[in-house]
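Peer 1: Residue numbers (the working numbering), protein chains in the order written: chain A, 21 to 371; chain B, 4 to 288; chain C, 678 to 1020.
Careful: at least some of the hints might be erroneous.
[Unchecked claim] Subject to a maximum C-alpha distance of 25 Å in a straight line, what follows is the list of computed DMTMM-like cross-link-like pairs (lysine to aspartate or glutamate):
1) B:79 / A:271
2) B:71 / A:271
3) B:257 / B:236
4) A:178 / B:26
I should point out that these hints are in silico values taken from the structure, not numbers from a laboratory.
Here is what each chain is made of, one letter per residue.
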Amino acid sequence: MKLERAVGVVTTAQTIRNSRTRRALRRRSVVGLLVGIIVVGFIVTLMVGQTFYPPADVIGVIFGQDVPGATFTVGRLRLPRASLAILAGLCFGLGGVTFQTMLRNPLASPDIIGISSGASAAAAFAIVTLSLGDTAVTVLAITAGLAVSLLVYVLSFKGGVAGTRLILIGIGIAAMLDSITAYSLTQAAEWDLQNAMRWLTGSLNGTSWNQALPVFIALIVLAPVLVGQSRNLAMTQLGDDTASALGVRVERSRLIVIVTAVGLIAFATAAAGPIAFVAFLSGPIASRIVGPGGSLLVPSALVGALLVLVADFCGQYAFGTRFPVGVVTGVLGAPYLIYLIIRTNRAGSSL
Amino acid sequence: MSIEHSLRIENLTLGYGDRTVIENLDLQVPPGQVTAIVGANACGKSTLLRSMSRLLAPRAGRVILDGKSVHRMPAKQLARTLGLLPQSPVAPEGITVADLVGRGRNPHQGILSRWSPADDLAVADALEATATVSLADRSVDELSGGQRQRVWIAMALAQQTDLLLLDEPTTFLDVSHQIEVLDLLTDLNRTRGTTIVMVLHDLNLAARYADHLVALAAGQVYARGTPAEVLTEEGVRAVFGLDSHVIIDPTSGKPLMLPIGRHHMQNDPQKGVRTGSVGKIVLVP
Amino acid sequence: MTPVLPGAAIVRRPRGLRSVWLLLALVVVLGLMLASVTIGSREVGWADIWAALNGSADGFDEAAVATRIPRTVLAVLAGAALGMSGAVMQGVTRNPLADPGILGVNVGAALAVVTGIAFFGLNAAGSFIWVAIIGAAVTAAFVYTVGSLGRGGATPLKLALAGAATSAALASVVTAVVLPRNDIASGVLSWQIGGVGGATFVSIQQVVPFLLVGFTISLVSARSLNSLALGDDLAAGLGERVALARGGAALGAVVLAGACTAVTGPIGFVGLVVPHACRLLIGVDHRWLLPFSAVLGAALLTAADVLGRVVARPSEVDVGIITALIGAPFFIYIVRRQKVRAL
C-alpha cells in the first residue's frame, strides 16, 4: 500500500512539473513574440511618416551615422518619440499591473486612484501658473506623484491598509486633483493650450531626448527592484493573512512595491502626460495572452509599450486630424475598459 | 513523522484600537494533538489564533515557539514551522488548484531559487493527502465549498509545517463537508503527527474531534483539558450563557451538548430527558 | 419582548427639532444670497443693490449687481437640484458614496451635450437640457448596472469604481470629440468645470421647468425611499412596488442632475456631501431629508460661489473647483469612518 501511494505521489509530481514547464514555455514564447513585435513596430515607426525612409537609412541613423535627409527627421524627431513611447509604455504597464495585483482588483489602476492626476495637476500648474521650464516641471510632477501616493496611503491607513479604502480615497483625491488641472488649463493662454492638453490626456508631440532620458534611468533603477518583488506580490494575492503565513513581510513588501510602481508612473507621466488607460489595460491584456499562473510584470510592461507605440502611430497618421496618443488610447481603450468592468464584476474581482 | 514543537503562550494581552480582547492569557499547546478553541462570538478566539501565527502583535506577553518568541523569528523561518489557514482566504481569479497548492512552497524558496523536484514532490504529496489530485488542473473558482477548503488545506500542507493553525475551517460549509474536512485534519494528525490548533464555532464537533479543548470566555481561558473535562453544563453556562444538558454521544463516545431553550422541552429539565417521539436515543436520568 | 416595527427606526427625531433646523437652513440660504449679491471682485453698497433690483443698471457697481443676481439664483437652484439628486441617489442605491459626479452622470451629460454641439449643431440652451438629461440617464443606468453585477450587488466600492472608470472613459471621448474642433474647443474646455458664472435669466428660465419636474418626482418618491432603505425584499414585503419606486426615484435624480449639468457644467461632490451632513442633523426620514438636502445644497453652492469670487480677486475660481476641494476631504472622511472589509 505504502509503495503504491509513494509511486502515485511521484507520478503526480511529474505531471505537475510537466504542466508547469508547459506553461512556462507558453509564457516565454509570448514574451519573445511581444519583444519581436515591439522591435518591428519601432523600426516601422521610424521608417513610415510624412516621408518614407528605407530601413537601411533608419538603421544607419540609429547607429549614429550621418545619413543626409534622414538624420534630422529620423534622428531628432522620430527616434526620441518612438523611444519615449516604448519607455513610457513599459513604465505604465509595470505600474498598472502592480497596483491591480496588489489591490486584487483590475479596476484599481493608478489612473484613477490619484497618481497620474497628481503628476498632471502639478505639471499643468507648473507650466501655466508658474511658467517653469521643462526640467523643473518634471521634478515637480514626480514629487507630486510620490506625494499624492503617500497621502493616499497614509489616509487609508487605519491599522493596516484595506484595499477598498485605498481605492476609494484615491478616487476622491483624483477628483480633487483633476479639478486643479482643469482650473490651471482655463488660466492658460492660447498658445499654451496645446502644450497643456498633454497634461489632460498625454501626448508625445515634440519629444526630445531630455524628456526620454529620466524615464530611461527610472526604468533601469526601479524596474529590477519591482520585478524582484514579483513572488511576494503573487503571495499577497492570496490575502494579507495567508501571505503573512507563507512568510512574506507584507507591509514591507507593499511599501517597496508601491514606491517603485509610483516612481515609474510619475516619471513616465512627467515626460508624456497621463496617457489614458495604458496602465489600466496592460495587465488584463497580458493576463489573457499569457494565461493564469506566473508573474504578469514583464508581459504587462511589454503590452504597455506596444499599446503606446501603436496608439501614437495611429494618432499621427491613421485619422484625419493628429490626435495625441492619450486620446487614441482613451477612445479605443474605453470599450475594452467597459467590457473589463463588466467581466470583473460578474466573475468576482481579481487579476 | 513531525518533530515535536513546543508552542506556549505567556501572559498575552491583545487588542484592537482601544479595545482589549485578550488579557493575561497563558496557554500551552500540547504537541502532536488536535486542539480546538471554542467560545462565544467575539470572545477572542480568532484574535488568539492570529497572534499565535504572528499576524497580530501583542500588547503584552509573548508567544513562544521552541523557546523563541514568535515575533522575533524571521518570517520565512516561522512559516516553515507553523502554517495558518485564515478565515476567509482569497484566491485570485482563474488560478488552478496545482498553482494554489504550489504557493505553499514559498517559505522554502529563496528569491532566486527555481522549482526543485522536492517542491513538486511536496505539492503532489499534499494533493494526495487531501484527495485533490483529480482536481489539480481545475480552476479553484469552480470547486464546491468542501473541495475548496480541502485545496486550501493542501496548500497549508505543502508548506510542510509541523504545526497547523486553522481559523474556523468549517464555517460556511454544509455538514457533510464539515465532517469531510475534520476527518481529513484528524488523518493528518494521526498519520503525520501534525499538531493542529483550530478555532471552531460548533461546540459538539469540537468535542468530538479535539484531543484537547480550550474554552475562552471574556478574554481569559475558562477551562482547558479533555473534552469530557471541559464540556460540562456549568462550563456551557459560563462560556455561552446557555442552559444545557451534556450527555455522552453514543456515536463517538464524546460529550454532546443539548441546549435548553424555552420551547420544545419534552419533560421538566430537572428530571432528565426521556425518549421523544423521534429518535432512538434513550437516556437514563 | 415587544417586536420592533420596521418604521420605528425612522421616527427618531422630534418633529420640532427638525423644523428648527430647516428654518435655520433657510435663513442661512437667504443670508448667503445676500452675501452673494454684495460680495465679489468688486464691493458694492446697498443703494446699488436696490437700484439693480429695480432694473436699472447704470454704472459699474449696479451692473455688477445685475450680473450677480441671476448668478445667485442659479447657484441656489443648482445647489438645491444637486443636493436633492445626491440624496435620492444615495437612497436608491443604498450607497453612502453615491453622487452624480462619482457615478459619472455628470460626464455622461457633458458628453451628450458636447456630441450634440459638435455633430448635430445644437446651440439652443433648451435642446442642451434635453440632451444632457438623456446622457445623464443613460450613463446612470449603465454605471449602476455594471456596478451591481456579481456578488454583493452594488457595493460602494464597485459602484465608485464603475463610475470612475466610466467617467474616465467618457472624458476621453469628450476630448476626442472636442480636440479637432478649434471653434468649440476652448468654450467646451471652460464649461467642463462647473460654474455659475455666465448665468442669465434666459438660461435660468429654460432650466426651471425641468428642475421643477425633477423636484416633484423626487419628493413624491420620498416615502418609497424610506421603505427601500430596508432592502428590496423587505420593501416588497411592506407592499412597495420596488421596481417602480426605484425607477421613479432614479428618474427624478437623473433629471435634476442632467438639467443642472446642462446649464452649469459638471459640479461634483455637492450631492455627496450634503445628504451626509443632513442625515446628521435631521435623521434618515427621506420626507425631511430631501427638502433639507435641497436647502443645504443651495447654501453650499452659494457659499462656494461667493468663496470662489473672493479667494482669487480680481479673477474668480469656478464653483466646481471649490466643491471638489471641499468635497474631496469630506468624502475621504466618510470613507475612513465606514467599516470597510478588505478586498
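Peer 1: All hints are to be evaluated individually against the structure, with a verdict given for each.
Peer 2: Evaluation of the provided hints:
1. At most 25 Å may separate the alpha-carbon atoms for a hinted pair to count; residue 79 of chain B and residue 271 of chain A meet this at roughly 15 Å.
2. Only pairs whose Cα atoms come within 25 Å are accepted, and residue 71 of chain B paired with residue 271 of chain A is accepted, the gap being roughly 23 Å.
3. Distance hint between residue 257 of chain B and residue 236 of chain B is fulfilled; the C-alpha atoms sit about 14 Å from each other, no more than 25 Å.
4. Among the hinted pairs, residue 178 of chain A with residue 26 of chain B is consistent with the structure: their alpha-carbon atoms are about 23 Å apart, no more than 25 Å.
Figure legend: structure checked against the earlier numbered hints; every hint is met.
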